[in-house]
Amino acid sequence: DQQVLEKLLLGQNQIGAEGAKAVAEALKVNGVLTTLDLGENKIGDGGTIAVEDALKGNSVLKKCWGCRQQGTHIPTQGHTA
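For the sequence shown, the residue numbers in our numbering are 1 to 81.
Quick caveat, the hints were computed from the structure, so don't treat them as lab data. Built from N, CA and C at the ideal position, the CB exists for glycine as well. Be careful, since some hints might not be right.
No farther apart than 27 angstroms at their CA atoms in a straight line, the calculated lysine-lysine pairs in the BS3-like style are these [what the hints assert, rightly or not]:
| no. | residue 1 | residue 2 |
| --- | --- | --- |
| 1 | K28 | K7 |
| 2 | K63 | K7 |
| 3 | K7 | K56 |
| 4 | K62 | K28 |
Using C-beta positions, here's what the derived DEER-type ranges look like [what the hints assert, rightly or not]:
| no. | residue 1 | residue 2 | range |
| --- | --- | --- | --- |
| 5 | V60 | A22 | 15 to 23 angstroms |
| 6 | G46 | D1 | 16 to 24 angstroms |
| 7 | N13 | T34 | 28 to 36 angstroms |
| 8 | K42 | Q2 | 29 to 37 angstroms |
| 9 | D53 | L9 | 17 to 25 angstroms |
| 10 | D1 | E40 | 30 to 38 angstroms |
| 11 | K56 | T35 | 16 to 24 angstroms |
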């Protein structure tokens, strides 16, 4: 029986821009993740842009905390805070 990762909770893990960029690369090929928490990290503008770009066109992810520098809402269809 194959299990899939639907929630990835990485809040408060001292993730920086490079870590966020690595998460973003994984998001580009992930079609099952529904919840992502990057809150209370220091992903900066570079990490934020990478995550936002990776989520363009993603209709599966519904909740993403800390995915924007100044808020928690992803401004693409289907994403809520």
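Against the structure, the hints come out as follows:
1. Under the criterion of a C-alpha separation no larger than 27 angstroms, the hint pairing K28 with K7 is consistent with the structure, at around 15 angstroms.
2. A threshold of 27 angstroms between alpha carbons decides the hint, and for K63 with K7 the separation of about 9 angstroms falls inside it, so the pair holds.
3. Between K7 and K56, the direct Cα distance comes to roughly 19 angstroms. Compliance with the 27 angstroms bound is thereby established for this hinted pair.
4. With a C-alpha separation of about 15 angstroms, the suggested pair K62 and K28 falls inside the 27 angstroms cut-off, and the hint holds.
5. For the hinted restraint 15 to 23 angstroms between V60 and A22, the CB-CB distance of approximately 19 angstroms keeps it satisfied.
6. In this structure, G46 and D1 break the distance hint of 16 to 24 angstroms, their C-beta atoms being roughly 39 angstroms apart.
7. Taking 28 to 36 angstroms as the suggested C-beta distance range, the pair N13 and T34 does not conform, at roughly 20 angstroms.
8. With their beta carbons about 34 angstroms apart, K42 and Q2 fall inside the hinted range of 29 to 37 angstroms.
9. Separated by about 22 angstroms at the C-beta atoms, D53 and L9 satisfy the suggested range of 17 to 25 angstroms.
10. Under the hint 30 to 38 angstroms, the C-beta atoms of D1 and E40, about 34 angstroms apart, fit the expected range.
11. Checked against the given bound of 16 to 24 angstroms, the beta carbons of K56 and T35, roughly 18 angstroms apart, stay inside it.
In summary, the structure is inconsistent with hints 6 and 7 from the numbered list given earlier, while agreeing with the others.
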